[in-house]
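Chains as they are written, first to last, in my numbering: chain A, 1 to 224; chain B, 1 to 219; chain C, 1 to 249.
Since the hints were derived computationally from the structure, they do not count as laboratory data.
Among the clues, some could well be false.
[To be verified] Among the chain B residues that face chain C by a calculated CB cut under 10 Å, a handful are: (1) E113; (2) A120; (3) L123; (4) R127; (5) Q129; (6) Y133.
Owing to the predicted nature of the structure, the values given are computational and were not obtained by experimental measurement.
Just so you know, even glycine gets a beta-carbon here, dropped at the ideal spot from N, CA and C.
The chain contents come next:
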Amino acid sequence: MPDLGLDVLFKGKNMLRLLGGLWVAVRISLISVALSIPLGILLGIVMTFKNPITKTVTRIYLEFIRIMPQLVLLFIVFFSSTRTLGWDISGELASVIVFTAWGTAEMGDLVRGALISIPKHQYESASALALSPSQTYFYIIIPQTVRRLIPLSINLVTRMIKTTSLILMIGVVEVLKVAQQIIEANRMSSPNAAFGIYLVVLIMYFMICWPISMLARYLEKKWR
Amino acid sequence: MNWDFILKYLPLYETAALLTVKIGLIGIALSIAVGFLCAAVLYFKVPVLRQIVIVYIEVSRNTPLLIQLFFIYYALPKVGIGMSAQLCGIIGLAFLGGSYMAEAFRSGLEAVEPIQAESALSLGMQRSQALRYVVLPQAVSISVPAFVANIIFLLKETSVFSAISLMDLMFTAKDLIGQYYKTTESLFLLVVFYLIILLPVSILGSYVERRLRYAGFGS
Amino acid sequence: MAEVLLKVKDLVKQFDGSTVLDGISFDVRRGEVIVVVGSSGCGKSTLLRCINALEPIQGGSVELGGEPVVHGSKNLAKMRQQIGMVFQSYDLFPHMNVIDNILLAPLKVQKRNKSEVRAEAMELLKRVGLEDRAESYPRQLSGGQKQRVAIVRALCMHPVLLLFDEVTAALDPEMVREVLDVMLDLAGQGRTMIIVTHEMQFARAIADRVLFIDNGKIVEDTDPDTFFENPKSDRAKQFLNIFNFERSK
Numbered sequence: 001m002p003d004l005g006l007d008v009l010f011k012g013k014n015m016l017r018l019l020g021g022l023w024v025a026v027r028i029s030l031i032s033v034a035l036s037i038p039l040g041i042l043l044g045i046v047m048t049f050k051n052p053i054t055k056t057v058t059r060i061y062l063e064f065i066r067i068m069p070q071l072v073l074l075f076i077v078f079f080s081s082t083r084t085l086g087w088d089i090s091g092e093l094a095s096v097i098v099f100t101a102w103g104t105a106e107m108g109d110l111v112r113g114a115l116i117s118i119p120k121h122q123y124e125s126a127s128a129l130a131l132s133p134s135q136t137y138f139y140i141i142i143p144q145t146v147r148r149l150i151p152l153s154i155n156l157v158t159r160m161i162k163t164t165s166l167i168l169m170i171g172v173v174e175v176l177k178v179a180q181q182i183i184e185a186n187r188m189s190s191p192n193a194a195f196g197i198y199l200v201v202l203i204m205y206f207m208i209c210w211p212i213s214m215l216a217r218y219l220e221k222k223w224r
Numbered sequence: 001m002n003w004d005f006i007l008k009y010l011p012l013y014e015t016a017a018l019l020t021v022k023i024g025l026i027g028i029a030l031s032i033a034v035g036f037l038c039a040a041v042l043y044f045k046v047p048v049l050r051q052i053v054i055v056y057i058e059v060s061r062n063t064p065l066l067i068q069l070f071f072i073y074y075a076l077p078k079v080g081i082g083m084s085a086q087l088c089g090i091i092g093l094a095f096l097g098g099s100y101m102a103e104a105f106r107s108g109l110e111a112v113e114p115i116q117a118e119s120a121l122s123l124g125m126q127r128s129q130a131l132r133y134v135v136l137p138q139a140v141s142i143s144v145p146a147f148v149a150n151i152i153f154l155l156k157e158t159s160v161f162s163a164i165s166l167m168d169l170m171f172t173a174k175d176l177i178g179q180y181y182k183t184t185e186s187l188f189l190l191v192v193f194y195l196i197i198l199l200p201v202s203i204l205g206s207y208v209e210r211r212l213r214y215a216g217f218g219s
Numbered sequence: 001m002a003e004v005l006l007k008v009k010d011l012v013k014q015f016d017g018s019t020v021l022d023g024i025s026f027d028v029r030r031g032e033v034i035v036v037v038g039s040s041g042c043g044k045s046t047l048l049r050c051i052n053a054l055e056p057i058q059g060g061s062v063e064l065g066g067e068p069v070v071h072g073s074k075n076l077a078k079m080r081q082q083i084g085m086v087f088q089s090y091d092l093f094p095h096m097n098v099i100d101n102i103l104l105a106p107l108k109v110q111k112r113n114k115s116e117v118r119a120e121a122m123e124l125l126k127r128v129g130l131e132d133r134a135e136s137y138p139r140q141l142s143g144g145q146k147q148r149v150a151i152v153r154a155l156c157m158h159p160v161l162l163l164f165d166e167v168t169a170a171l172d173p174e175m176v177r178e179v180l181d182v183m184l185d186l187a188g189q190g191r192t193m194i195i196v197t198h199e200m201q202f203a204r205a206i207a208d209r210v211l212f213i214d215n216g217k218i219v220e221d222t223d224p225d226t227f228f229e230n231p232k233s234d235r236a237k238q239f240l241n242i243f244n245f246e247r248s249k
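Given only the sequences and the hints, what does the whole structure look like? Please build it.
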């Protein structure tokens, strides 16, 4: 069995540095999710309006964001803001902007889908029971919408966390960058460190995303 | 916008786009094969293999492609499994896509009412005949929307290939930005080429989905 | 008296430890029409599924023409070709039109000649009044039409025994009649059938024998007039009372 470089992990503060890098990625996704949820709910409601202008604008926004790879969006925001507009925004800020724009689009589509999937007879039976429109929303529509939405938005969190791995490509120092630095620094003493370190990074992402996915699946089953 | 620059570097983007499409298509074809096999293992509850497939699906779906690629490209050679960047991209995409395709096929199979297989059996069909003539055709058409969504998703995911130094669209754009500071033009070409690749698939996808949703069989 | 076609002996069926069928025994002679009745959950549908070996059984045996019908056995497909079954609903193949639904098994399983089976299928469709729907897809048909097609599909396999599992239970009242008429016609042709139904007047009209099942056991096995006029057991009396209404005012 060749040396797989796992000892490098326990050298100095390497493990802590990796976890610190992971936290950078997770923090960016948490901030983006926190912003995406209210914005997405708003977008979703706007998307159910019959107004042709809001319909077209939201539709184009949604389609463009969803069809472009997130990395392309990151490049657009990061490079064009610094080089074209002259703003010097950090990679982290660019990441939050892109992931929020993306998360809002995804969340908006989920909200719209949940709203229009409530059958008409739910509204009708509510008004047949003489509930007012606001009571109908509060007691009938919103609880059903939320039940459909929560598992889906939890899934969005895992997708967001996985996507944050991309911020390496616009120079943000996150877990993968830290891993590269550690491997580079130990190239002489431990030439195989790449195996152990990248394996650990893979496991770290798995340990974060897997429980969240399981929770989403559990809720989806329970509330179906 | 500098159109001379755009015309000059158009061929570079074409080559890069062809590489993206080539790796994307081979990787997606393999994903479909892997996904089909995995769904079959789950459907027939093959012992041992079933547990392996479940673990594979969970790992593949809960880790980012970029890290899977790093692992395949930089880590595996340390234990003697080295391969070219292109092969690495193809295998990485198939590893990721296989689990997504497996889930699409599996949910398609599960969505076919058990009574369908039962009525096929009660007509004297063998299990294999019931599967081939009755269950599979329905399962496949139910999984078409998820299947198309996966293809778009996987094509988008190819954008990370530049991280293992494949000269794809992202690599080309970043290279030109770094060399000539022509940010707007480079990004414009990047967006246009991704639209050329992704828009037709997306339009075809929503067309197929609408047909399946509103018409179903027989109209 | 005709020979025994189907022999069910000491049949036991359990689901997760609870016993659904508890030692069912009866014979069906060629040409006989048996109607199985009982309250919902008494196991009558399970009985049909066990006869066709769609369910594994925990005890007893089912024999058709002297040969065992066993879940998971090699010749099961061969045995099932002789047993036609029509389910409550949703059993037409939605991705095929009517004629393909009917032709699939005769062509793929029995490898029969296509034009010959097609001619037979059209003849049968005509008999049930659906000759103009041969090219329609299941979703374009009403519930009653679907069930008539399902019956034709079963008949085209030339089964010696037909099983009907509450075939009218999911239908609107005005469609029930058209399906029941087809079944009466089949009985008139001397076909051997086992019918599970909640249509009591129909049961009385079509049955040679009525089996009343309660708690997984056959409580009554008698001719329809006796069953409906003078049931012996209290359970059967209670059951039949469900179908009687008295004026409330």
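Hint by hint, here is what the structure shows:
no.: 1; hint: E113; verdict: holds (6 Å)
no.: 2; hint: A120; verdict: holds (8 Å)
no.: 3; hint: L123; verdict: holds (4 Å)
no.: 4; hint: R127; verdict: holds (9 Å)
no.: 5; hint: Q129; verdict: holds (6 Å)
no.: 6; hint: Y133; verdict: holds (6 Å)
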